[in-house]
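*Asks:* Chain residues, written in single-letter form:
4 protein chains.
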Amino acid sequence: MDGYEKVGNFSPRTDLAIEISNALKLDRDDSYEIPGVEVKQKALEEGALAVTKVRILNTEGEKNMGKPIGDYITIESNGLKQNNPELHEKIISVLAEAIKSLLPEKKQDPLNILVIGLGNRFATPDTLGPKVANQVFVTRHMALKEPELLDEGVCYLSSFAPSVMGLTGIETAEVIRGVADNVKPDCIIAIDALAARSATRINTTIQITNTGISPGAGVGNKRKELNEATIGCKVIAVGVPTVVDTVTLVSDALNDLISHMLKQAEHSPFYDVLKDLTAEEHYQLIKESIYPEISDLFVTPKEIDEVMEYLSSIVANGINLAVHPGMTLKDINKYTY
Amino acid sequence: MDGYEKVGNFSPRTDLAIEISNALKLDRDDSYEIPGVEVKQKALEEGALAVTKVRILNTEGEKNMGKPIGDYITIESNGLKQNNPELHEKIISVLAEAIKSLLPEKKQDPLNILVIGLGNRFATPDTLGPKVANQVFVTRHMALKEPELLDEGVCYLSSFAPSVMGLTGIETAEVIRGVADNVKPDCIIAIDALAARSATRINTTIQITNTGISPGAGVGNKRKELNEATIGCKVIAVGVPTVVDTVTLVSDALNDLISHMLKQAEHSPFYDVLKDLTAEEHYQLIKESIYPEISDLFVTPKEIDEVMEYLSSIVANGINLAVHPGMTLKDINKYTY
Amino acid sequence: MDGYEKVGNFSPRTDLAIEISNALKLDRDDSYEIPGVEVKQKALEEGALAVTKVRILNTEGEKNMGKPIGDYITIESNGLKQNNPELHEKIISVLAEAIKSLLPEKKQDPLNILVIGLGNRFATPDTLGPKVANQVFVTRHMALKEPELLDEGVCYLSSFAPSVMGLTGIETAEVIRGVADNVKPDCIIAIDALAARSATRINTTIQITNTGISPGAGVGNKRKELNEATIGCKVIAVGVPTVVDTVTLVSDALNDLISHMLKQAEHSPFYDVLKDLTAEEHYQLIKESIYPEISDLFVTPKEIDEVMEYLSSIVANGINLAVHPGMTLKDINKYTY
Amino acid sequence: MDGYEKVGNFSPRTDLAIEISNALKLDRDDSYEIPGVEVKQKALEEGALAVTKVRILNTEGEKNMGKPIGDYITIESNGLKQNNPELHEKIISVLAEAIKSLLPEKKQDPLNILVIGLGNRFATPDTLGPKVANQVFVTRHMALKEPELLDEGVCYLSSFAPSVMGLTGIETAEVIRGVADNVKPDCIIAIDALAARSATRINTTIQITNTGISPGAGVGNKRKELNEATIGCKVIAVGVPTVVDTVTLVSDALNDLISHMLKQAEHSPFYDVLKDLTAEEHYQLIKESIYPEISDLFVTPKEIDEVMEYLSSIVANGINLAVHPGMTLKDINKYTY
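Residue numbers (full-length UniProt numbering), protein chains in the order written: chain A, 1 to 337; chain B, 1 to 337; chain C, 1 to 337; chain D, 1 to 337.
Worth flagging that the hints you see were computed from the coordinates, not collected in a lab.
Incorrect hints may appear among the rest.
The list cannot tell twin chains apart, which means a pair is met if one copy fits it or any two copies do.
[What the hints assert, rightly or not] Taking lysine-lysine pairs in the DSS-like style, the calculated list, with each CA pair at most 30 angstroms apart, reads:
1) Lys145 to Lys42
2) Lys224 to Lys145
3) Lys25 to Lys106
4) Lys40 to Lys145
5) Lys302 to Lys81
6) Lys224 to Lys330
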């Protein structure tokens, strides 16, 4: 997670580039093009599935977005949180394409890929990473031991769940670095549960980026970043927002309510009072004075345990299809029940 | 759960009598006595623990409170959600006393008690009941088979988790009735996770009542009630609020924000606009127009998995101490790890 | 489970009719026909799957087999314990046919079926029943509430896991009776993990019978039987052996070793000593004098947790296909992930 | 695990030094002293608890024992697998003393200790390591961030569960090395579930050694050893046998049966035949010809899930007491529920 960055007027916690670009466009109009940023969108499956590619091209784009240069692909579908195996297969294919488009190229040998499942396996909305790490089709140990037994079209895949610093006492970045030093991957694919700004994004969005990760940063600490510059191999991050923090939710509800009231109050003295309440003021007001006690709470759907099963299966199989070029949608079920 | 009842001005979903009596007092002043209702409160452990007994005495009290005649004992302590074994022991003792005060009396034979653990074992905040059912010290089968082996001072205890209708296809009340017909208990003790109105109550409050249960009612359906009149034995309910629904949370936040603004806006034209916004209007506004999408979301702390371990251990041991008169705090650890 | 019955020479614990009929044939020769018993066998999928129907026709058959009159269908496949989704689909179809052949017939209305998942959800090899109860497609609550919404071709299905007496303090048969009194099913389908005699049967065999169940009997207590005569509706039992008890395993190993030695020792004085050691003597010797300490141990494969996922999915979907006549193999995945 | 070494006559798989020294003594008589090996034993708690220290002094001892020079402390108690909190407290104290006696000394600063929880968290009898890693009182992250907040008497503790190669695709030794390179501990404490030779040892024995570990070796592969020489810090291993492999069990049962028969057959021609059957012949006979199908099976008690809770709590708290010199038995419950 990236923590709180100041973007445009104000932005409470979001890990999603698409939420930022949408917010920036909302402040202007829909045809507005953010300088230094390229946004392409397409709808699939009769609207049940949308893919958006936000490309931050230069430092101007970085400044406008509050995020580093790179590609941010977003897959949106309410089907992610529903028991809909057919739509899930479509999402898996689209996800696999997105990951493939960010993988490094290698002339002859198979890619050596390390999957990192970030998160705390004991907090349900944070289990996405560990679950995916456990469901990808791991091959590296077989490749090393009996390379002749390994099918063509299968890469060297290892996977690992480094847990979280509160449970291990070790910086997660240190653990990853230690493992990567030994595995020496061509590419790391890191999976993490994210925080979204909008409750409608919970369990409906997958973001794939090639800009690296900073594990643990989202909970308030800015630790060592892991990206191509710092760890010497490409780092692809796959994230799904599974929670919204309660302060953000309440703050956004207020904003919406005030917008709603403003429309009705135009030309009244009330209007001036209301429009002076900026979003940031609400946020601070709520966080500090009104609801200090809710600042540790998170918002999730009741059926989160079930949805995590769908999400982890979709992300794991998207990775399987992307990295093992010889595998098909049919094959993957054989290896990941 | 009891669903939405209209109490005083307006009351969003709460299962706690204490939240209703507090709300009624808040509308007046602290010395106000609700007609037909008796409220007694005491603080223990230097304020770390509070016990409140709300007794609804007659139909007038019923009408004022929107809840049936009977006793509602509330134990409040932030220690419930903290890893604090010493305070937990105190809470267990207080809980045991509260349950004992509501148990039926029996002259000679040991009591025959059936513990019912309500809730869905696959949704973390709803697992309290099934976990407790699994942690009480079950004796009935031994008592029937080899009564001579059973210690004096141990009652006949059986326990059961009926799951939820969405998983079984059977009304929970039907399952309980079927089991009770065979076990023929003197008293049922039913454990359930509740919804609170205020986020500060999450995992900090235990309510013990003798007014029966209506399983499943809280999720919107009013099913058969289970109480002394309908099932022929006393029914004690032990509940802990583990979630707040998101609409209630946002609605309450608005109320608080408006109160806050009203204090600053006195004697301004703004004041009149604001004070006309009633709580109920907010609630409906939020529920229907602004945030239809959050109505399925619930608010819980991130560490809910861990807190459920404390809560279930405390409630199970409170029951163990209350029903097995020969057991001590020291004994209980031998049987419930 | 049926406990220890004396069959032919001697039979340590087995719940499988096929093990008894095979043992009886082994004592004679393969063409031997057990009086009062009909045995039909067919191989499918090029031998990857075998289906055997043992029908006990009369009291003579009962006496010879040590099991009640009725049908015992056995499906055998090593694929059950392997990650082989294609073979699993075949097994699901065959299992559905077997269950269908034992279901009661009903002219107009849909069948009202109650699935009972026997076993202890906290002991891995015993979790089959509770897992299946949780994975069948439950419809009864929808049928009662909004019958018009229910598809044609869907029966009234409810499901229930009564846990075990050691955890509830209640005879499992009592719990089932209580629930059945309220649900009033046309047929009960009970799922249970069984004990096999031979280690090769662990997680490779499904037995389907229409002779009822006696829950808890297998662990040494003969409790009330549940069958058409005692509970007033058909009772189909679906069982999978997931353990072998250690004494049986050692005893069988000795028998095999002695057979092996006998073949080599013919015409020697040793022969006479060896052939006098009957199987039953070994069993008692091992159980009482040599290995009292192993009598509580069970034999399971290391990967039991994973295999239970396959088994429960196969059995649940076999039931889904059998009872919901409008469902296809493709549909079932939508409802049971 | 150490795999199969040839010791004395013959030794099937055991990880326990005490089983080897006992076997060597059994071959002679009880007063026999194994050259190069020192054995000291004491009984505690009126025999409910025994502590044995086997010290392998030199290469002669190494040769006799088939294990490297070093200390092997064994704690034996049936209480380990029983719900007996009082005896568990005694075992925790004795375990803490044993670990302390092997810890490195450090003059001024607190020790920097890395706990490694070996094993597969998805196979119940193999979960000891991961569970313990999760229950020790982790402090290193606090010590690094806010050293002034850390109590005196608390060491720098981090903990980590590297999973198993079959799930990660990475040699477990590589993962540990990677993490240790970053944490730079003074001492590693590695926890693992072991295989015992005798079924009576299952869940009744803890072995503590200072001779290092070779993760994964027990399943047949001799991988890189991790000990003071190869990783540059002390490596203490804490192991508990939780399974016996089935072939060993059957083989031992045969040996015992033959001993039993030999006593009765003395002076008969049978005697000579029997005494020629060596233990190793049985083992091979069983493994290769008679029971190839059981070679993947393991023997565990039915209540293994519950026993793993006791074991992990005992081992985690033994470590807590040993490494945090300021902690008492009373404190540890505050941090590890």
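*Asks:* Against the earlier hints, flag every one the structure doesn't satisfy and list their numbers going up.
*Replies:* Violated hints (numbers, rising): 1, 3, 4, 6; every other hint is consistent with the structure.
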